[in-house]
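Knowing the structure of chain A, use the given hints to seat chain B on it.
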Amino acid sequence: MSGSRTPATVSPSALADVGPLLDALRGVQWPAQGRLDAGPPGVHHSRRRSTGSELTEYRPYRQGDDPRRLDWKLLARTDRAFVRITDDHAIWPTMLIVDASASMAFPTDGRTKWQVARALALGLASVAHAGGDPVGLMVASGDELARFPPTTRRDTVAALAAVLGTVAPRGVAHLGRCLARAGTFTRGRSGRVVVIGDFLDPDVPALVRAARTSDGEWYAIHLVARAELDPPTDAQVVSDPEDPTVRRTWTSRTRAAYDDAFRAWRAGLQAEWLAAGASFLLATTDDPADRLVRRVTRLAFDRTVPAIR
Amino acid sequence: MTFGAPAFLLVSAVAAAAIGALHLITLREPRGTMLPTARFVPSGTSVVRRWIRRPTDGPLLACRLAAVCLTGLAFARPRPREPRVALVTIVAADRSDDVADLGAVADSARRWTGMEAADGSGAGARRRVLLVLFDSSARLVESHVEDSLARLAGPHVAGGVVSGMRHGSISTALVAAMQAAGRWRDRADSVEMVLISPLAADEEDAATGPLRAQWAGRIGVVRVAERPAPRPDRMARPVVDWPPDGRAAHTVPRVPADSVGAVVAGDVVVVAAFARPWRLDGAGGRVVARWSDGDPAAVERARRAPGSSTPGSCERDVAIPIPAEGDLTLRPEFRRLQAALHAPCGAADDPPPGGRAPLAWTGAGAVSPTRVAMASVGRGVDAEPPRRSWLGALLLALAALALLAELAIRRGAARRPA
Numbered sequence: 001m002s003g004s005r006t007p008a009t010v011s012p013s014a015l016a017d018v019g020p021l022l023d024a025l026r027g028v029q030w031p032a033q034g035r036l037d038a039g040p041p042g043v044h045h046s047r048r049r050s051t052g053s054e055l056t057e058y059r060p061y062r063q064g065d066d067p068r069r070l071d072w073k074l075l076a077r078t079d080r081a082f083v084r085i086t087d088d089h090a091i092w093p094t095m096l097i098v099d100a101s102a103s104m105a106f107p108t109d110g111r112t113k114w115q116v117a118r119a120l121a122l123g124l125a126s127v128a129h130a131g132g133d134p135v136g137l138m139v140a141s142g143d144e145l146a147r148f149p150p151t152t153r154r155d156t157v158a159a160l161a162a163v164l165g166t167v168a169p170r171g172v173a174h175l176g177r178c179l180a181r182a183g184t185f186t187r188g189r190s191g192r193v194v195v196i197g198d199f200l201d202p203d204v205p206a207l208v209r210a211a212r213t214s215d216g217e218w219y220a221i222h223l224v225a226r227a228e229l230d231p232p233t234d235a236q237v238v239s240d241p242e243d244p245t246v247r248r249t250w251t252s253r254t255r256a257a258y259d260d261a262f263r264a265w266r267a268g269l270q271a272e273w274l275a276a277g278a279s280f281l282l283a284t285t286d287d288p289a290d291r292l293v294r295r296v297t298r299l300a301f302d303r304t305v306p307a308i309r
Numbered sequence: 001m002t003f004g005a006p007a008f009l010l011v012s013a014v015a016a017a018a019i020g021a022l023h024l025i026t027l028r029e030p031r032g033t034m035l036p037t038a039r040f041v042p043s044g045t046s047v048v049r050r051w052i053r054r055p056t057d058g059p060l061l062a063c064r065l066a067a068v069c070l071t072g073l074a075f076a077r078p079r080p081r082e083p084r085v086a087l088v089t090i091v092a093a094d095r096s097d098d099v100a101d102l103g104a105v106a107d108s109a110r111r112w113t114g115m116e117a118a119d120g121s122g123a124g125a126r127r128r129v130l131l132v133l134f135d136s137s138a139r140l141v142e143s144h145v146e147d148s149l150a151r152l153a154g155p156h157v158a159g160g161v162v163s164g165m166r167h168g169s170i171s172t173a174l175v176a177a178m179q180a181a182g183r184w185r186d187r188a189d190s191v192e193m194v195l196i197s198p199l200a201a202d203e204e205d206a207a208t209g210p211l212r213a214q215w216a217g218r219i220g221v222v223r224v225a226e227r228p229a230p231r232p233d234r235m236a237r238p239v240v241d242w243p244p245d246g247r248a249a250h251t252v253p254r255v256p257a258d259s260v261g262a263v264v265a266g267d268v269v270v271v272a273a274f275a276r277p278w279r280l281d282g283a284g285g286r287v288v289a290r291w292s293d294g295d296p297a298a299v300e301r302a303r304r305a306p307g308s309s310t311p312g313s314c315e316r317d318v319a320i321p322i323p324a325e326g327d328l329t330l331r332p333e334f335r336r337l338q339a340a341l342h343a344p345c346g347a348a349d350d351p352p353p354g355g356r357a358p359l360a361w362t363g364a365g366a367v368s369p370t371r372v373a374m375a376s377v378g379r380g381v382d383a384e385p386p387r388r389s390w391l392g393a394l395l396l397a398l399a400a401l402a403l404l405a406e407l408a409i410r411r412g413a414a415r416r417p418a
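In the order they appear, the protein sequences are chains A and B.
Counted from 1, the first sequence has number 165 at position 165 by this note's numbering; the numbering is strictly sequential.
Counted from 1, the second sequence has number 333 at position 333 by this note's numbering; the numbering is strictly sequential.
Among the clues, some could well be false.
Stated by the list, open to error - Covered stretches of chain A, going by a simulated chain B footprint (3 or more residues, C-beta under 8 Å): (1) 98–111; (2) 202–216; (3) 242–251; (4) 258–272.
Keep in mind that the hints were calculated from the coordinates and are not lab data.
Glycine residues also receive a C-beta, built at the ideal position from the N, C-alpha and C atoms.
Extracted from the complex, chain A is given alone in its bound form:
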């Protein structure tokens, strides 16, 4: 069952566990990667020039210009007529796509990938919302796809926390269905898309293709559990929670092969996302959430892909 989830009233307790995180992220900015097209006013630089208060340059008065834009003081000093030119700002909507498949409930003891994903999503939503940007959410788990349309409401972050609080990781996410529901976010230059998950979903290649063809900003945050990077050494039979047919015997002799295969897959995944023009971040369950959020926002400055396309 899927559908939008916008609780009529959001309980303040929805943010109780992430309160310290949100406090730590106060003042963090998440600028757009380059100048945006014209749009509703926001905090991000726009290509369009306007008559705002932030002076950018002077232009000689031409026939047809609005006389109200004349800088009278400059005219009095120089006896020449000039018009004030300022930059426009626009909003940059953000859509968070969070993987809530069964594999996100790992490890069973300690901080799970789902807990990190939830904190990361709320942290990024808080930063984006603080900049006046609309923030939306899609959470895919099993047969369910929870959607929250982008909005700038005051209680947006709390509402997102309430939506995330109702989701339990299970089944296969099938993130590809998020593309169909994401609307214009995955087409054209309409905003930024942040995909948070362990990318073990079979629809990840479709997301990569969408990132490649889209003019928007894509962020791929790859979550890996410490126990996946360094599994226990005792012999056991390991199974994939999303595919019961995958049962392998783990021994000390299989460790080397596992490390090589897993490392190669992670490297290939990163290369694909970067080749698609996305910003990629590898995060582990050991990393503090606030640090992860700051690293994501700094990707806007650190990525090697040209900022303006």
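For chain B alone, kept in the frame of chain A given last:
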């Protein structure tokens, strides 16, 4: 409990330890856990070998250990330990025709068996008496001893005829006695032998000395009266066959020929160097003169008058060579020897075996410990093989039951779903 082959106990212990160690290795599928990145683990067998602290299949292990231990115990040939006694007395009683009064032999034997009864019987008894009845053959009497002694003292077909006498064989008695002693080698602290016999000359042979030497302990001798051999008329003059070279009738060449230093006839002793190329057979006669080493030197045999069943006179075969040189024949003792050898029939007394007075039989010292008395006997006289113990069969049966139980447990485990 004693074991005939204790090495099997060690073998079974080692096998049981190996089985126990193998049960600490499990080949089952290890515990399962979730790992989202399991797809990157290379495919392989789902069974791993790992050590565990405690075996999980307790009943199966118990059955296998029981089967191995019981089998080892059965092959170790357990025997119930028989009660040990302090002293075993082997009484060899002569029942041959050489004995004048078998009742005396039975009475002497009863004195020893009575000692056993007085000292108690069964577990913890201090003395055990074994009775060996012998004549030309020997028989160990283990049960109904009193009945055997009663028959011994009862009416007996008396000897009286010269031929057909059952002479006793001390060698046979010694062999039987030592065999009987061998059976108690491990169950008695000390052993002694008692010989009740007239010690007739006919009862000894060439093996008697070596056999006696094999018994390092004391042999008590109870000498009973000897039945007199049928004697010819004491007044009849003997027919003396005394060739100068000593080759009388009933002689065979002595191989190798030797020499001896003296000859004894009654109380006459002649000391000289006698060459002995011939050996005189003393069977069937009465030895009237012996060499110093005990071999017969002159034998008297009865001679029947034609048509008479009783001996009338006697003939003496003398195998004493008369030296051609020297003054031996002039010595007074030689003349007394001649006189003794020509004495009327039956007059000469059979001297005891030279150097074998009854006292010499007894040996030195007191009762000997079993290991000392049997020291020389050990290899030649084997202890009676122990009776087959029922314990071995029972243990093997129990081992078979344990194997059946193990099989049932394994089949039950195979049928149960994992």
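Against the structure, the hints come out as follows:
1. Figure legend: the region 98–111 of chain A, annotated as covered by chain B; annotation consistent (4 residues with Cβ-Cβ distances under 8 Å, at least 3 required).
2. Coverage of the region 202–216 of chain A by chain B is violated. Counting CB-CB distances below 8 Å, 0 residues qualify, and the rule asks for three or more.
3. For a cut-off of 8 Å, the count of residues in the region 242–251 of chain A with a CB near a CB of chain B stands at 8, and the three-residue condition holds.
4. With 4 residues having a beta carbon nearer than 8 Å to a beta carbon of chain B, the region 258–272 of chain A meets the requirement of three or more and the stated coverage holds.
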